[in-house]
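J.: In order, the protein sequences belong to chains A and B. When we follow my numbering, the leftmost residue of the first sequence carries the number 1, and every step to the right adds one. When we follow my numbering, the leftmost residue of the second sequence carries the number 1, and every step to the right adds one.
Everything labelled a hint here was simulated from the structure, so no lab data went into it. Owing to the predicted nature of the structure, the values given are computational and were not obtained by experimental measurement. Think of the CB as a built atom: it goes at the ideal place given N, C-alpha and C, for glycine as much as any other residue. Warning: the hint list may mix true and false statements.
[Said to hold, decoys possible] Cβ-to-Cβ under 10 Å is the rule here; a few derived chain B residues that face chain A:
| # | residue |
| --- | --- |
| 1 | 78 |
| 2 | 87 |
| 3 | 211 |
| 4 | 214 |
| 5 | 218 |
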Amino acid sequence: MRGAARAIAWEFQLRHRLALAGCLIYLAGFWIVKGLVLGPDVAMRWGPPNALGGLLIGPLQITYFFCLGIFSYGFDGDMGARESVFPRRMFTLPVSTFALAGWPMLYGATCAATLWLVTVLLIRWTGGVGMEVPWIWPAIMAATYVVWIQALTWFAYPLRGLRIAIAVLVLSSFSLTIILALEFHARESTMIAILAPQLLIACGLAFVAVARARRGVTPGWSAAIGPRPAPGRQALAAHFSSPARAQAWLEWRQHGRTLPLLVTYVVPCELVLLFLPGNDRTGIIFFILFVALITPPAMAMLAAPALSTFSTHAATRPLTNMALIAAKIRMTAWSTLVAWALVTVYITCALFLSGAMPVAVEKLRDLAEIAGSLRATLLVLIVFAALVLSTWKNLVQSLCIGLSGRPWLIKLSVLAALILVSVAFPALWLLVMNDRVQSFVWESLVWILAALVVLKASAGAWVAIRLHDRRVLSDRALVIGAVTWLVAVVAVFGLLRWIVASPIYPFYGLGAIAILMVPLARLAAAPLALASSRHR
Amino acid sequence: MGEPVVELSQVSRRFGAKEALSSVTLSLARGAVYGLVGANGAGKTTIIKHIMGLLKAQSGTVRVFGLDPVADPVGVLSRVGYLSEENDLPGWMRVDELVRYTRAFYPKWDDAYAEELRRKFALDRAAKIASLSKGQKARTGLLVALAYRPELLVLDEPSSGLDPIVRRDILGAVMRTIAGEGRTVLFSSHLLDEVEEVADHVTMIQGGKIVLSAPLAEIKAAHSVDGRQKTLDEIFVERVGAPMAEQEA
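Chain B extracted, bound-state conformation (with noise of 0.2 Å):
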């Protein structure tokens, strides 16, 4: 096994009084897809923050492709394709635009691949972001995300806003190709179900500390109750005492 393309050791962060994060470490290996599943505030956007450098490491150190993304944003942020939860895609631009401009920044932009991508998410290529409905903001940036073909792809609550048939469909395919690819995606979620259909690894995060991380398999090989394998609902019940839905409320 290579170097490990995201490496986070003993990460801690504090937000005031509250702690985000706790003693994180968590490492990503090259050519697969890892889903960090936790209920809304348990740290999953913290730590991808951290990732993208966007948030500095109280204590701790954070090294994507080895790289500090804080002392090196540029080495870091080039080979990393990301897509927010918040999505703060320029509103005023056309889909056009935000693909020509994207693309400066990235050598290997593949324009071919760009209007694949763009017809697959049946986009306008003359429509304003702004105009667009949520679903078709997160189809865009998953465009100008994915078209330079990023070593590593950091997707933070890519679903929301799409509907069940492009989640399943082309989200799914999407990872799975690149994952194929040996490149590495890590996206996080609190639809379990899907991490379940797409992750190889999940992380479980509560309050700002990892519950459980390890390969999909082995979680299910480990959980299994009389021959039955139980489901990562359950298994997530099992370890954080309350269902997902029930830790949101």
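One chain only, chain A, in its complex shape (with noise of 0.2 Å):
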């Protein structure tokens, strides 16, 4: 048992070492510079964080994400997979199942907890005000969501992307629960008497998880209905016009349905919110709709990696790089479209069997009234084509990444979605209460979004070279590439003028605005992507 234990933490930190150590050296040149150089004077606020604190809570929730993946080996395997993504090679060590998944849990939960206790000790230490620090519940409650991963990561599933999507379900409810207890100011005990059943639970079915894995139990639905029937011979006689329509054929049943599935997972488990009792206000109701109406982009995020992969059987079909690409973006396009076609039918249909139509209907009557029934109509159009313009523009914004066929950078850019996501919720409540940054904000505004603007033109100049030198495109491709997104990015531009049509936003704003939304160089970069990832 030993001999496992030790071997299983040897390899965890056999292939880890590097982030161990860069971890374990920012938190000591951290505590350096405040403890020695700053002082006290400077000191780190909480709640919210000041820049101090938030360069200390920063990557210490960038530590403790990376954990969640290490630990679950979530790393390792594909999360939309039907099959576990505890590693198969393990099943054969001569170890009883117990230690075969304790010993990972009882790694991923003290790390967890360890890494609070260390961020509690340096705010402690270095003097950190403005907020009161708890010890325990926070360290069990990071345990417990590392727990939950791996038994949700290990489990198999009946079908592909339902990891995701009771993923999604487990862990919002698991976070509800403690936001609404921290709502009613429940103590410290009574914390620890919510989370650590749940913990419980989590072993147990973690457990459960890899017990089943070990024993090749994956459930498919396909066995409960019976085999899909064979294609008759009329649909196998039926050619495919074209070697591109045979491709996209092969991304659509590939990966196609992975983003209409995860809507459908997802989407009506939020409108079911609209049944319960008490929940037909009208601003609960707007809330809900924003929750189900801002799921296909997230989803969309989510499932984008999945969707990007390129196999060496694609590489070796006679179609050019473009032709690959088109086959995926043409998929993409029609991911998006059944995604919101099923959006649309779901919440339209929650709506009326909740009795919640009326109140929506009121609203809408009260917006056409505000701004006349021919731009409201639009308004509402408009806002529904950026929402299924933001959806696929998620899926193919990934595509670069994917089919660079480069695992490290795949991760990296997990990694740094992770660092992007921790920056921006405390940059955003900074924004929010703080009135000053605000003021700063909205002065250097114009700044800010000329730098954005340099950078991505940059960037997509950098591409558009690379595209030309290395004879990915041809001209007459790169030069209509390039009006396209010219005539995308004023087309914007018009429509921002038109829906804010007003002197505080400056036209040279929305102009940056417009060329920000319209995607450029990471698309572009996509067929750079492939021609170096088909032909190492």
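Dock the two chains into a complex; use the hints.
T.: And the structure:
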């Protein structure tokens, strides 16, 4: 048993020693700079954190997210797959299932709890103020999150993509429980009483998951509904009219249904809230609708890495790189449209069946009275179109990452997204809560936008030069791409000018927003990534 | 003799510190079966991947039908049948669906021949590829690589997973038929007796370098002792210094 414990710990340590060393060096450096250089005069604040607080809490958050991926083996497998992500190679080890699942759980939970305790210690040592920092319950919460993620990741599911949807629902419910308890000013003992059973349940589920995976149990709904009927002679005799159509069919069958499936799992669960007693007030109804409407773009971000993968089998098809990309883009467009068609049906049904439709219609009438019927209709359509396009944009923008075929780049992009998320929330909080920050941002908005535009244009130019030099795209294709992008920017700019017809928003600011909204560099980099991956 | 079907000239390739290919020069003529032999890690798959355009030569040139497979993948791949060692056919497809999908890429696809091969390989058209055995997957891969009668058939370790009967009877027959029709076959293997049985020309590779490349008959004639022709295995030991099994170990 001890041998297994050591071997599993050694494997974690060996694979992630650089990240561990980086984290320890950062914390030591932070402590030295704060304690010895800045001294007690420069205070660290929480709720909202100041810059110093952000510099501590941001990297620790990232480390925590990284721990979730490491101890659940989530970085090693396909999270969208039906099969358990627990490494199969470990099933043949002469170790009991209890040890096989137990040690990673123990290490993950301990690591998460320790991370919190280190955070509290650093906050106290460096004289952090502005918030009471509890010791015990957040440590248990951090450990429970890890074990929940492990259980959800190690289970096998009957449908592809179901893991992600169930994870979103379970973890959202878990977070909601904590937020509600905090809203009601629950004491530490109450918080522990809420969390401890969850930790035990998650542990039990994780053991069951590994035991089932070790026995090769992968539930399949196809067995319950009988084998898929073999295609008829007519269907098989029907030829694809072109190789591009055949490739688009393959992409659709392989990846296209992932996003519609994800929204089918998640959106109805959100809309069920409309049927709960007391949820008939306008504010709550519109909040639930808002959550349901932003779900497809969010799910698209989750689905994108799985959609952008590329196999050797596809690489050996006699198709140009552009034709392969075009098939992927066509698939993402269909996937987006089907997902939104489903969301529209779900929302309409939920509004009718819950009796919330009159409230929604009343609000739309109010809007029509204020803005005029035509303008109100157009505004609703524009918002809908913007949501659809943002879903599609989230799907295609990751193509360049997945098509590169480099796992380290995919993992790095996940980490970068986590950094962005963990920095974005404190930054937004700071912006909302601090008037000085708000006025600073407003005054320097033009410069911020200009910097982002320059960054985007530079990246776009770099990609275009590479595409030209490597002859991935012809000159004609490059010119057509550039013109299409410009037309899209001008159209978005025209829309923005029409929607916000106010002198408060200068035209150059709207122009910059239009430039930032229309995908350029990452989308254009997709053929480049594919070329380098297909012909290494 | 016409233009070679495949021509590698001074091709070198490194993966980090490891030199996978070192100034490899190879030329395949039309209408013959070429066997590429060597231990695991010798560089066989690296050569094949260069021919398929899956790897870009770091130095030297690769030409297939006179075209650069990286610059013109459509021109090259539409004339090549390929069965990879990894056999990464989409597992979610059924055999029939794979046939329908693959057919779209090749105007010369021969439905009757595809059906004949399916029967010969005893493949169930409704079977899901993921549920097939390793050998059945290899046969499926072979079916879709052959059914459009490619001018060049590239098989990377085609024997892996195939039982000896299928290997000898089917694979051998297929290769001889193709060569008989004036098309070219390049196959890699570490089973020297199998190579000896079907190849017209043998290229031995060791540590990324070609140690011997000549027609099989010539090789055998040059390595006969007291009128007895040595086996390919014995010739390999003589050239490389150790038997294939030892090399792999």
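J.: Can you list which hints this structure breaks, lowest number first?
T.: Of the numbered hints, 3, 4 and 5 do not hold.
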